[in-house]
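Using the hints provided, position chain B relative to the given structure of chain A.
What follows is the residue order along each chain.
Protein chains: 2
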Amino acid sequence: MSDAKKKLEDLGKRIVTELKKGTQPKIDVPVRALSNVSYNEKTKTLQLGNKISERFFFNVSHVRKFAQSIEIAKISRQLIALGKHENLRGVFYMAKRTLPGTNTNLVDEQTESDKAIEDLELVTDLSREQLNMNANKNGSVAGQVIIEDKGDTIDWSKMGSGGWSIPSNVEGISFKKISAKYVVYMEKASIWERLHEDKFWEKHNCIIMSSQGQTTRGIRRLLQRLSKEHKLPVYVLCDWDAYGFYIYSVLKFGSINLAHISESMALPDAKYLGITANDVEKYGLKKHLIKMKDIDIARLKQISEYDWFKNNKRWQQEFKAMKTAGAKAEIQALSARGITFISETYLPEKIKNKDWID
Amino acid sequence: MSDAKKKLEDLGKRIVTELKKGTQPKIDVPVRALSNVSYNEKTKTLQLGNKISERFFFNVSHVRKFAQSIEIAKISRQLIALGKHENLRGVFYMAKRTLPGTNTNLVDEQTESDKAIEDLELVTDLSREQLNMNANKNGSVAGQVIIEDKGDTIDWSKMGSGGWSIPSNVEGISFKKISAKYVVYMEKASIWERLHEDKFWEKHNCIIMSSQGQTTRGIRRLLQRLSKEHKLPVYVLCDWDAYGFYIYSVLKFGSINLAHISESMALPDAKYLGITANDVEKYGLKKHLIKMKDIDIARLKQISEYDWFKNNKRWQQEFKAMKTAGAKAEIQALSARGITFISETYLPEKIKNKDWID
Numbered sequence: 001m002s003d004a005k006k007k008l009e010d011l012g013k014r015i016v017t018e019l020k021k022g023t024q025p026k027i028d029v030p031v032r033a034l035s036n037v038s039y040n041e042k043t044k045t046l047q048l049g050n051k052i053s054e055r056f057f058f059n060v061s062h063v064r065k066f067a068q069s070i071e072i073a074k075i076s077r078q079l080i081a082l083g084k085h086e087n088l089r090g091v092f093y094m095a096k097r098t099l100p101g102t103n104t105n106l107v108d109e110q111t112e113s114d115k116a117i118e119d120l121e122l123v124t125d126l127s128r129e130q131l132n133m134n135a136n137k138n139g140s141v142a143g144q145v146i147i148e149d150k151g152d153t154i155d156w157s158k159m160g161s162g163g164w165s166i167p168s169n170v171e172g173i174s175f176k177k178i179s180a181k182y183v184v185y186m187e188k189a190s191i192w193e194r195l196h197e198d199k200f201w202e203k204h205n206c207i208i209m210s211s212q213g214q215t216t217r218g219i220r221r222l223l224q225r226l227s228k229e230h231k232l233p234v235y236v237l238c239d240w241d242a243y244g245f246y247i248y249s250v251l252k253f254g255s256i257n258l259a260h261i262s263e264s265m266a267l268p269d270a271k272y273l274g275i276t277a278n279d280v281e282k283y284g285l286k287k288h289l290i291k292m293k294d295i296d297i298a299r300l301k302q303i304s305e306y307d308w309f310k311n312n313k314r315w316q317q318e319f320k321a322m323k324t325a326g327a328k329a330e331i332q333a334l335s336a337r338g339i340t341f342i343s344e345t346y347l348p349e350k351i352k353n354k355d356w357i358d
Numbered sequence: 001m002s003d004a005k006k007k008l009e010d011l012g013k014r015i016v017t018e019l020k021k022g023t024q025p026k027i028d029v030p031v032r033a034l035s036n037v038s039y040n041e042k043t044k045t046l047q048l049g050n051k052i053s054e055r056f057f058f059n060v061s062h063v064r065k066f067a068q069s070i071e072i073a074k075i076s077r078q079l080i081a082l083g084k085h086e087n088l089r090g091v092f093y094m095a096k097r098t099l100p101g102t103n104t105n106l107v108d109e110q111t112e113s114d115k116a117i118e119d120l121e122l123v124t125d126l127s128r129e130q131l132n133m134n135a136n137k138n139g140s141v142a143g144q145v146i147i148e149d150k151g152d153t154i155d156w157s158k159m160g161s162g163g164w165s166i167p168s169n170v171e172g173i174s175f176k177k178i179s180a181k182y183v184v185y186m187e188k189a190s191i192w193e194r195l196h197e198d199k200f201w202e203k204h205n206c207i208i209m210s211s212q213g214q215t216t217r218g219i220r221r222l223l224q225r226l227s228k229e230h231k232l233p234v235y236v237l238c239d240w241d242a243y244g245f246y247i248y249s250v251l252k253f254g255s256i257n258l259a260h261i262s263e264s265m266a267l268p269d270a271k272y273l274g275i276t277a278n279d280v281e282k283y284g285l286k287k288h289l290i291k292m293k294d295i296d297i298a299r300l301k302q303i304s305e306y307d308w309f310k311n312n313k314r315w316q317q318e319f320k321a322m323k324t325a326g327a328k329a330e331i332q333a334l335s336a337r338g339i340t341f342i343s344e345t346y347l348p349e350k351i352k353n354k355d356w357i358d
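Chains as they are written, first to last, in our numbering: chain A, 1 to 358; chain B, 1 to 358.
Among the hints, a few may not be true.
[Claimed, not checked] Listed below are the simulated DSBU-like cross-link pairs for lysine-lysine, each with C-alpha atoms no more than 30 Å apart in a straight line:
1) K199/A - K7/B
2) K252/B - K313/B
3) K74/A - K286/B
4) K354/B - K181/A
5) K231/B - K74/A
6) K282/B - K84/A
7) K291/B - K115/A
8) K176/B - K176/A
9) K282/A - K84/B
10) K286/A - K323/A
11) K5/B - K203/A
12) K199/B - K199/A
13) K199/A - K176/B
14) K354/B - K84/A
15) K177/A - K354/B
[Unchecked claim] Pairwise CB distance ranges, derived in the manner of DEER restraints:
16) N353/B - S38/A: 31 to 41 Å
17) K352/A - N50/B: 49 to 59 Å
18) G284/A - A81/B: 20 to 30 Å
[Claimed, not checked] Away from chain A, derived, C-beta distances all over 10 Å, residues of chain B:
19) K5
20) K6
21) K20
22) T45
23) K51
24) E54
25) F58
26) L122
27) D149
28) W164
29) Q214
30) S255
31) E281
32) D355
In short, the hints are calculated from the structure, not lab data.
The beta-carbon is built from N, C-alpha and C at its ideal position, and this holds for glycine as well.
In isolation and in its complexed conformation, chain A is listed as follows (with noise of 0.2 Å):
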């Protein structure tokens, strides 16, 4: 029997003893807010502090989310029964069932299924992915690796124009040889097709992979694998913008919603390899500048602030150089001054002289 299925299994057991005896069921819920999440210095990623929140079966106020709680932990079993996997969306879907009898949904929307997939995840210790349950899936690798996966043998540098499909979780993936030395990770899809027309990643013998926007957990996942396992330095390439400082923050650190799953998630050595305000300089992007709107100005006071880049003097160099900039910088930009600029110029300069920020 799996680890998952056997915790979830003892949670059920537990809860139907304590009813049987008469006494209060009872499941603790580490608090996930601000005020329970702190830096941690030695491991470099965000941490869930020690307070619980207890939650009561014959509560008023606790019942619905008691209930919640067990009936994902009943969703998530019959999942790995079978061996399936549900999308948050349908997972939503599922446990949206009518108590008999009564005119009352055991959810209504879809933020208290999430909320209570997360409180599984902190009650039981096992991530979504270990309880079968996904977001969606986004984004493309290329590079000299080749993996297993669902009995399939997949070399990511014989896929064409496309490139491998990321999956949503990667979890069952298993690393058959892996030649290339390092990860260039980039928000944009757009130049993950630059860099792979250009042959970058066989050129430097490294792994391009990317999403659109905001990173997917099974990116994520999948980039700590390569990095833990296998000790791949791992470059994020983003924009010159709060948004993509944001970005490679939540890589490297974790996330404050997410403090409880930090150690699984994040990248304690990622680098941020992405535009500079130097580069501005360097590369000429000045007349590429974007007056940066008031969230923009907002956003990257609320980030500079952040205890993970407070005593950070290159970081804080950095904001400063943006704020007294008034302006972002986009990725693209680098385009103005030739089509694969990028990938023969810029990219290559800035892994040789180290010249990213940590």
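Just chain B now, kept in the frame of chain A:
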């Protein structure tokens, strides 16, 4: 020399000749607006009418757009000569240069370069893909198909849990072996993962393909090539809502903006295999209906009045049923009936009974 390169050079030569002769250079750009778009009953696609807008070089109100079109032609010729492709955002940065001796940029916003690209498509009768300019990539595919792309042989049936990642430009792909009998295209990546995990394409010998949300041009072209060159039926699996109908409408008939390229994009034989009013009854989805918002109702009205739906009784019946219900339904609601209900019951039944809308 490629057809595209020759056409672009001919355009350039003509303008230079006219300038040297002292005559007024002019380009004729067909008008792209609803007033110049009509539905062709015979080809079952949207098509552009004959209205032409003349654009003169020596005309203060025309010169900016004129110069933009020529700049885009120059960039395209350069891309073709180098055998490279560029994303629309990159093209914008390439075109955004300051005219010598002035403070004026040739383009200031991406909307300008995007429009100039569409104009160039019309003037040259080349698609954006043939001009080597791409939008973002998205989407995955799996099934009994072997293709060749960029020198790699890719078997869509041996792609593990991820599938092959669809590139933004599929013009260079050649189909080596197609055993699959039809294509199921879906708007949601999560449904793709559901069908893929359940080996739907293997059991039913078909191809499954998805993006996320609105369909990319890469996917539309890939579907069209499978439909036109290989006579594969295409079934479109959408939510029962105005947005789902719109996705189907664009896939099947073409879009108003891109009516000039309907011929190379549209899928006049595609069938709508998504949720119907009937399904809501038959498969017990009533409790999972979601109340329509004002915007949904407005969108539904707009779609029901499209020329290509106006006289289609079956579709009008569907629109009316939705209006009466005042509600929509998501494809994921089928999960409430069981994890694999969609792959083992719903889709096989619908396909067997030809229960689709044309």
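Results of checking the hints against the structure:
With a C-alpha separation of about 29 Å, the suggested pair K199/A and K7/B falls inside the 30 Å cut-off, and the hint holds. Our distance criterion of 30 Å between C-alpha atoms is met by K252/B and K313/B, whose separation comes to about 17 Å. Distance hint between K74/A and K286/B is fulfilled; the C-alpha atoms sit about 24 Å from each other, no more than 30 Å. Between the alpha carbons of K354/B and K181/A the distance comes to roughly 52 Å, so the proposed pair goes past 30 Å and is violated.
The suggested pairing of K231/B with K74/A is violated, with an alpha-carbon distance near 45 Å, which exceeds 30 Å. For the suggested pair K282/B and K84/A, the alpha carbons sit about 25 Å apart, so the restraint of at most 30 Å is met. For the proposed pair K291/B and K115/A, the alpha carbon gap of about 23 Å is at most 30 Å, so the pair holds. For the hint pairing K176/B with K176/A, the CA-to-CA distance comes to about 27 Å; that is within 30 Å, so the pair holds.
Simply put, K282/A and K84/B have alpha-carbon atoms about 25 Å apart, close enough for the 30 Å limit, and the pair holds. Using a Cα cut-off of 30 Å, the hinted pair K286/A and K323/A holds, with the two alpha carbons roughly 15 Å apart. Taking the CA atoms of K5/B and K203/A, the gap is near 29 Å; set against the 30 Å cutoff, the hint holds. For the given pair, K199/B sits about 33 Å from K199/A by alpha-carbon distance, which is inconsistent with the 30 Å threshold.
Between K199/A and K176/B the CA atoms are separated by roughly 24 Å; this keeps the pair inside 30 Å, and the hint holds. Under the criterion of a C-alpha separation no larger than 30 Å, the hint pairing K354/B with K84/A is consistent with the structure, at around 28 Å. Restraint check: the Cα-Cα separation between K177/A and K354/B comes to about 46 Å, which exceeds 30 Å; the hinted pair is violated. For the pair N353/B and S38/A, the supplied restraint of 31 to 41 Å is violated, since their beta-carbon distance comes to about 58 Å.
Between K352/A and N50/B the beta carbons are some 57 Å apart, a value that agrees with the proposed interval 49 to 59 Å. Remark: the range hint 20 to 30 Å for G284/A to A81/B is upheld by a beta-carbon distance near 24 Å. Distance to chain A confirms K5/B as a non-interface residue, since its nearest Cβ pair spans about 16 Å, more than 10 Å. With a minimum CB-CB distance of about 21 Å to chain A, K6/B clears the 10 Å threshold, and the non-interface call stands.
For K20/B, the condition that its CB be more than 10 Å from all CB atoms of chain A holds, with the nearest at approximately 30 Å. With 10 Å as the threshold on Cβ separation, the claim that T45/B sits away from chain A holds: the shortest Cβ distance comes to roughly 27 Å. The non-interface label for K51/B is consistent with chain A: the shortest C-beta to C-beta separation is roughly 34 Å, beyond 10 Å. With a least beta-carbon separation of about 31 Å from chain A, E54/B lies farther than 10 Å from that chain, consistent with its non-interface assignment.
Every Cβ of chain A is farther than 10 Å from the Cβ of F58/B; the closest lies at roughly 28 Å, confirming the non-interface assignment. Every CB of chain A is more than 10 Å from the CB of L122/B (nearest about 24 Å), matching its label as outside the interface. Separation of D149/B from chain A is inadequate, the least Cβ-Cβ distance of about 3 Å not exceeding the 10 Å criterion. Against the 10 Å criterion, W164/B falls within the reach of chain A, whose nearest CB is about 5 Å from its own CB.
No beta-carbon of chain A comes within 10 Å of the beta-carbon of Q214/B; the shortest separation is about 13 Å. At roughly 21 Å from the closest C-beta of chain A, the C-beta of S255/B stays outside 10 Å, upholding its exclusion from the interface. For E281/B, the non-interface assignment is confirmed: its Cβ lies about 17 Å from the closest Cβ of chain A, beyond the 10 Å cut-off. With a closest Cβ-Cβ approach of about 21 Å to chain A, D355/B is found to remain outside the 10 Å limit, as its non-interface label requires.
Of the numbered hints stated above, those contradicted by the structure are hints 4, 5, 12, 15, 16, 27, 28, listed in ascending order.
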